[in-house]
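**Student:** Read off the chains here:
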Amino acid sequence: MLTTFQSVTKNHLQDRLFKVLRDVMSSPSGAIGVSLVFFHLVLAVISPFIVPFDYREISSLLMLQGPSFEHWFGNDHLGRDIFSRTLLGGREAILITGIATPIAVIWGSFIGIFFGLVGGRIDEFAMRIVDAFLSLPWILKMLVLIVTFGTGMGVLIPTLAFFYGIPVIRIARAATHDVVARDFISAAKARGHGRIAIIRHELLPNVLDTLMVEGAMRWSWMLLAFSSLSFLGFGASPPTPDWGLMIADARGFMSFAPWGVLAPVVFLSSLIIGINLTADALAKALGIDRIQKAPV
Amino acid sequence: MGNKSLIEIRDLSIGFSNLAKQLLPILRNIDLTIEAGETVGLVGESGSGKSTLALAMMGYLGNPLKVLTGSTSFRNQSTFDLSARELEQIRGGELALIPQNAGQALTPTQRIGRQISESLKLHSKVSEVDRPARVLELLTQVRLPDPTTLVDRYPHELSGGQQQRVAVAMALAGEPDALLLDEPTTGLDVTTQAHVLELLRDLAKETGTAMVYVSHDLGAIARVCDRVVVMYAGEIVLDGSVRQVLLKPVHPYARSLLASIPKLREASLPAALDGRPPAAGDVGKGCAFVERCKMAEDRCALERPLLQFTKAGERVRCHLFEKVEKLAASGPGSAVDRSLISHATEVLALDNIAISYTTRGLWDQILGRQPNDTPTVDDISIVIHKGETIGLVGESGSGKSTILKAIAGLIPTRNGRIIYNGNELLKASVDQRSNDQLRRIQLIFQNPDDSLNPRQTVAEILAQPLRLYFGLSNQELHDRSVEILERVRLGGHYLDRLPSQLSGGEKQRVAVARAFIAEPELVLCDEVTSALDVSVQAAVLELLNRLQREFGTTYIFVSHDLAVVRALADRVALLYQGRLCEIGPAADVYSLPSHPYTEVLLGAVLEPDPDSVPVLSADDIVELSPMPVGCAFQRRCPRRVGDICETKTPPWQQVDDEHLIRCHIPHIELRELQMGRAN
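First to last, the protein sequences are chains G and S. Here the first sequence stands for residues 1 to 296, numbered as in the working numbering. Here the second sequence stands for residues 297 to 975, numbered as in the working numbering.
One should not assume that every hint holds.
Stated by the list, open to error - No more than 25 Å apart at the CA atoms, straight line, and that leaves these computed lysine-lysine pairs for DSS-like:
| id | chain 1 | residue 1 | chain 2 | residue 2 |
| --- | --- | --- | --- | --- |
| 1 | G | K284 | S | K362 |
| 2 | S | K723 | S | K682 |
| 3 | S | K317 | S | K362 |
| 4 | S | K607 | S | K682 |
| 5 | G | K284 | S | K317 |
| 6 | S | K590 | G | K19 |
It should be emphasised that the hints constitute simulated quantities derived from the structure, not laboratory data.
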């Protein structure tokens, strides 16, 4: 019954993962959050196959119709089926932010850990640059890039990933600072391990929890940002069904056809609330006190 | 009120439910009465429930805890039945708490005067006009110098001892009937601890306040308490007068606990207590101590002993107390074998080392200029021979850990050389040292919670040095890890545990194993036992001594505890403010003549003996930075001879072959002065 080192490690990781998952699901808010996120992810995959109507189908007869037995959420100003469009409306947002979030977290962590380790004046100087970026309103700096380079996935993903990686730098740097001061890092240094080995074996496993929670939070902010860009006309382009775009389209008729705004708003909020609840439950299960932050 | 007891605890059990909905008791059937004016010590190792009991006296339970049976009352009011408002009246007023870390208990943004007058406002009838005068009175009562300027200071401007005194003053503001002190001197330096305890002792006499000390330190308890209550696994196991408990304990646990404390006057390893206390809810139907008890009989495992009275009036929870009573006092521990020291072989020589924490500015670096401030550590020259243990002793801020880090290559030295094996010059930084040089010097840290990566299993922790130094993998790696774990008495089944699944002593054993797996020649021990309970400390000291004999290792043992160093060290070096004061064979350093600083330190040590009286010959406030000229100890020295102490660095005087003292007073004169004090 010899256990090799690799298997021992893997078992512990699995055990921990199971335990965290169980802890997340055992809190009511965590269970609700995970179910909401799961619901939206499944919907994003299967919605093209289950929608009752074509999202492009225009009908002058059905313009601004209220909810009916046939069209559950009513119809928009072009007579398109809001139910079908709402089900489909999260696909592009989830796809773009789903790619941009990991990129943001990875590059932000990389830079943050680097400066956290280097410390001293270089770190101080770099953080002032980060502060400068953070002090600008997010929508402004993103619009500058999008207006310059145009919309589309090829521009949106790098833009979102870049700007949403900046707050991650701060988080990763702070987490690194906490760990670097501890004796097991000094012990590894005194033994003579190289920098890369110390980062891989000693530092990363201890900051990963914080980065995971931060990643979940970044995702929810990024979704909101993407929908806002669509609302302003810089995100998804018509006729793609997108929640932000749908809200923008239906806004003018809100006083007499509120269903056009209501359906995408409910779906978008439920996804963001779901992610937030999950992140909070995850932070609790991992034992991190997440500091509530204002949008940046 | 008359002869009513102040605090009465009847059959109190406190516990919590775990995730599996099992009820786990933390305190079990506590019966305790505290009379007005009494000073009682609650003693036990970590996890024994002593702090929970003290807080329960104030009617406070931490979040998951609940009362299972019984009650506590303060002046006949049942504490747990009182409303929050009624409790507020009692707490801080009639029943005050002095927390362990006063520095954290004081509000950092409020001046001292305001904090104390706030307690006066809440808990006394002193009118607003009279409050400032009363604040000054309180500060004088706790013997703080210059109270009028002190009221305008912020907590961070005070030393640890002064902060603790302010906390005492705040507690006294409400003129309490009882003071609860939770480890009041843990974390303070020996001299500061002795001063604070003397103050508390005098206050108890002056004010007639009942005091309940929660402490793991029997030396402190011996000095300040009339009565001692020993706790184990949530139970009271022994309750008697301080003389009874410390001089002739009738419970086997108390006996072993006392035997595990290193004594200042004995150069021997204390006897360790094997095993660990049962976890909450893990106690069988018998005696909680049965598994670790050397005297246990069949009955002990089956039947829980009751708390019964001895003829001398103590209460003891043991079936066999009459047998224990007849045992002779435990003899001295095992002597340390010194035969392995080879004086001919030099392992490490520190040659005129100086270390400074000030970083040079960019301009100075370019020009190669040295900063001309006083270095934190200066003029350290020590030669260490193969197989010996050298103790570095000093108060916090004495630079003892700094020197260790410099030897390990973690802090650069400003001046001086570190010479290895008589001829190799060690580079200042780890990056410049060879793999083999690194392997031969290993470091063990103070707190294993901090020095073991919480995300790595024991297997991964031990694999790091093996891969780095020997390039081992798989089977060989596994075999070597199992072997070293057996050497530190843990065994191969510990490989897949995480640090959080180990007890404090087990963690430190893993840390020791990680150092020894590299097959080092020199092991640097940085306060390796000060985060551990005394019985665990004894076991770790025994382990270090055994490994030294097996591997022929050399130790540099840094500690603030003179008794621990006495137990293990062959030679002792005393440091004050980063300067050596005295160095020599342990037996010589602990006897006369001593450097005045050694004299002050030795005088302040508290022993678990009610008859030992500390000698407080100097104040307890350490300078913030070392003196630029003259003797490092000039300001606090009780034997100052005059201006020469402030202007000239004292010369090294040779008392004996290897015993050196750095003082202006000739050593013969010093001995006479100190002998006179002793008589």
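**Student:** Compare the structure with each hint and give your call.
**Tutor:** Each hint, compared with the structure:
Simply put, G:K284 and S:K362 have alpha-carbon atoms about 23 Å apart, close enough for the 25 Å limit, and the pair holds. Between S:K723 and S:K682 the CA atoms are separated by roughly 21 Å; this keeps the pair inside 25 Å, and the hint holds. For the hint linking S:K317 to S:K362, the alpha-carbon distance of about 14 Å falls within 25 Å, and the restraint holds. For the hint linking S:K607 to S:K682, the alpha-carbon distance of about 54 Å lies beyond 25 Å, and the restraint is violated.
With a C-alpha separation of about 21 Å, the suggested pair G:K284 and S:K317 falls inside the 25 Å cut-off, and the hint holds. Restraint check for S:K590 and G:K19: the C-alpha separation of about 40 Å exceeds 25 Å, so the hint is violated.
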